[in-house]
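**Q** Each chain is listed here by its residues.
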Amino acid sequence: MSAVLTQLDKAQVLDVLRIRNDFPILGLQINGKPLAYFDSAASSQMPRQVLDRVVHYQTAEHANIHRGVHHLSEVATAAYEGARSRVGRFINAQEDREVIFTRGTTNSINLVAHGFGRAFVGAGDEIILSHLEHHSNIVPWQMLCEERGATLKVVPIDDAGDLLMGEYEKLFSPHTRLVAVTHVSNALGTINPVKEMIASARARGVPVLIDGAQAVPHMKVDVRDLDCDFYAFSGHKMCGPTGIGILYGKARWLEKMRPFEGGGDMILSVSFEKTAYNTIPHKFEAGTPPIAAAIGLGAAVEYLESVGMERIAAHEHALLEYATAQISAMKGVRIIGTARHKAGVLSFTVEGVHPHDVGTILNEEGVAVRTGHHCAQPVMQRYRIPATTRASFYLYNTYEEVDQLVRALRRVQQIFA
Amino acid sequence: MDSKLYQEVILDHNKKPRNWGRLPAPSHKAEGLNPLCGDHIWLTVNVADGRVSEIAFEGEGCAICKASASMMTTNVKGKTVDEAERLVLEFRDMATGKLDDGAANHLGRLAVFAGVRNLPSRVKCAILPWHTLHAAFSAQPTISTEGDADPVPLPERG
Numbered sequence: 001m002s003a004v005l006t007q008l009d010k011a012q013v014l015d016v017l018r019i020r021n022d023f024p025i026l027g028l029q030i031n032g033k034p035l036a037y038f039d040s041a042a043s044s045q046m047p048r049q050v051l052d053r054v055v056h057y058q059t060a061e062h063a064n065i066h067r068g069v070h071h072l073s074e075v076a077t078a079a080y081e082g083a084r085s086r087v088g089r090f091i092n093a094q095e096d097r098e099v100i101f102t103r104g105t106t107n108s109i110n111l112v113a114h115g116f117g118r119a120f121v122g123a124g125d126e127i128i129l130s131h132l133e134h135h136s137n138i139v140p141w142q143m144l145c146e147e148r149g150a151t152l153k154v155v156p157i158d159d160a161g162d163l164l165m166g167e168y169e170k171l172f173s174p175h176t177r178l179v180a181v182t183h184v185s186n187a188l189g190t191i192n193p194v195k196e197m198i199a200s201a202r203a204r205g206v207p208v209l210i211d212g213a214q215a216v217p218h219m220k221v222d223v224r225d226l227d228c229d230f231y232a233f234s235g236h237k238m239c240g241p242t243g244i245g246i247l248y249g250k251a252r253w254l255e256k257m258r259p260f261e262g263g264g265d266m267i268l269s270v271s272f273e274k275t276a277y278n279t280i281p282h283k284f285e286a287g288t289p290p291i292a293a294a295i296g297l298g299a300a301v302e303y304l305e306s307v308g309m310e311r312i313a314a315h316e317h318a319l320l321e322y323a324t325a326q327i328s329a330m331k332g333v334r335i336i337g338t339a340r341h342k343a344g345v346l347s348f349t350v351e352g353v354h355p356h357d358v359g360t361i362l363n364e365e366g367v368a369v370r371t372g373h374h375c376a377q378p379v380m381q382r383y384r385i386p387a388t389t390r391a392s393f394y395l396y397n398t399y400e401e402v403d404q405l406v407r408a409l410r411r412v413q414q415i416f417a
Numbered sequence: 001m002d003s004k005l006y007q008e009v010i011l012d013h014n015k016k017p018r019n020w021g022r023l024p025a026p027s028h029k030a031e032g033l034n035p036l037c038g039d040h041i042w043l044t045v046n047v048a049d050g051r052v053s054e055i056a057f058e059g060e061g062c063a064i065c066k067a068s069a070s071m072m073t074t075n076v077k078g079k080t081v082d083e084a085e086r087l088v089l090e091f092r093d094m095a096t097g098k099l100d101d102g103a104a105n106h107l108g109r110l111a112v113f114a115g116v117r118n119l120p121s122r123v124k125c126a127i128l129p130w131h132t133l134h135a136a137f138s139a140q141p142t143i144s145t146e147g148d149a150d151p152v153p154l155p156e157r158g
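Those protein sequence lines, which keep their order, are chains A and B.
This note's numbering applies: residue 1 is where the first sequence begins, and numbers increase by one.
This note's numbering applies: residue 1 is where the second sequence begins, and numbers increase by one.
In short, the hints are calculated from the structure, not lab data.
Note that the structure is a prediction, hence the values are computed from the model and not measured.
Quick reminder that beta carbons are idealized off the backbone N, C-alpha and C, glycines included.
Careful, some of the hints might be misleading.
Coverage of chain B stretches by chain A, computed from C-beta distances (three or more under 8 Å per stretch; other residues unrestricted) [to be verified]:
1) 78 to 88
2) 128 to 140
Label-pair ranges, simulated between beta-carbon atoms [what the hints assert, rightly or not]:
3) B:Asn118 <-> A:Met330: 25 to 33 Å
4) B:Ser138 <-> A:Asp227: 58 to 66 Å
5) B:Ala111 <-> A:Gly263: 39 to 47 Å
6) B:Thr96 <-> A:Asp227: 28 to 36 Å
7) B:Arg22 <-> A:Gly122: 25 to 33 Å
8) B:Ala111 <-> A:Thr288: 35 to 43 Å
9) A:Arg334 <-> B:Gln7: 32 to 40 Å
For the chain A half of the interface with chain B, some residues (derived, Cβ under 7 Å), not all of them [stated by the list, open to error]:
10) Pro34
11) Ser85
12) Glu196
13) His282
14) Ile415
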């Protein structure tokens, strides 16, 4: 993160007001108040450019993809495969065939748990996770371990929410088959040192999966620079549609892995005696995919690139610092997660007020936050709290909205005084 | 400063819950759990001659759940089990927006919880104590708002 950019941000590194005009939903009033949308870590909003692209596809380009010889099928196939290429370039994948369209991050991780796990994880083997994982990067591995007689090893965190890297190094054994770790914690905002973690695993010949659901929307991610084996993320957290996500995988792994689902498009030939599977990525894309959503994701990438990932990251960082300073100055409010490197996620508790009561009153003020365990119950258990209130920032959030959040929090405290 | 849902009476019962604690040898008891919020209450009841003679609750939860439990205990104390069960049904119908506005009911000040019907994610918080009371009367040891036994199923995220 460039300190210079952070400094410049208040002088409009990002033209946030122009960006906001791209997002029709941000003009809504909620309970008579302007909407302040701080729930982008759960799902971000969609700009007109993406909406228009999806409408154009459905009105002028739609047919089923692959194998069609008619005009629309060829146009649709080109648009779908074009979206794959654009996403691949965005994360700097070496080849398009390493980019698999999935339903989302959860689906991507399950694909690896199935296709890689069943091929390479056996009785007595071990998988390393971190204490910061979302349930979607815990449960698939737990299911695999139960089935195969393998064990999970968990990298602990300190009170700030940073991984204990010394402990990470100690978890490796000759039985370690995979490291599966999140790039950015959805509950605390911690940015993990994944490049260093991958290098450690690589030195021991252990492959690594990175859950990038909270990273790709907010910072420049280069899968070749990271040298990860798998990288998973979702479209709907990066201005794209729901129902579409990505699994990046190194070709040499993907080629060795079993298909996840069987069906049309993932085969070369089928007889009742034997099926020959298609080449990657198609081997992992059985059935008709969400074509419009994939094209929408391509348009979302184009939109984010037009704004610039470094500018987006700098803007969010400046907002986080502004909000952290204001909220940490409030008596009775405790910020959960104070890692050295954080993305635009601010989790907190208000003394004497349950997070769901906080969320309901913020909603009365037009402020949309998420309350609960954020699908990261182990993180909540670590801090001995049932839930937090979480505000998450994106390119379209403003300092004025942070002020609205702070005013609404004061109201919570006044009501419960 | 007024909140639509967090009216004075709810805030007061949240701050100073009535009938807080556990009865030493209750004739009826049940534990209620709302895993989504972490609402968790223990309810102990003594029924004598078909009437609620004593009732107490304790636990942890959001203000809506706590105030609902507190006001429930003050409301059902002295009532027959049948009257209390009728109140359980009326409260549930009010909270889920199914209560016939024109028809007479026995809710009285409990009507302050009517606002949750516009907040589907909070309905369970208000109803949990009432379902726990019903469970105690029916000799069910625990009740959860999750899973097949959920009396008010709502879509949720894990």
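**Q** Hints numbered earlier in the text: which of these fail when held up against the supplied structure?
**A** 1, 2, 5, 6, 7, 8, 9, 10, 11, 12 and 13
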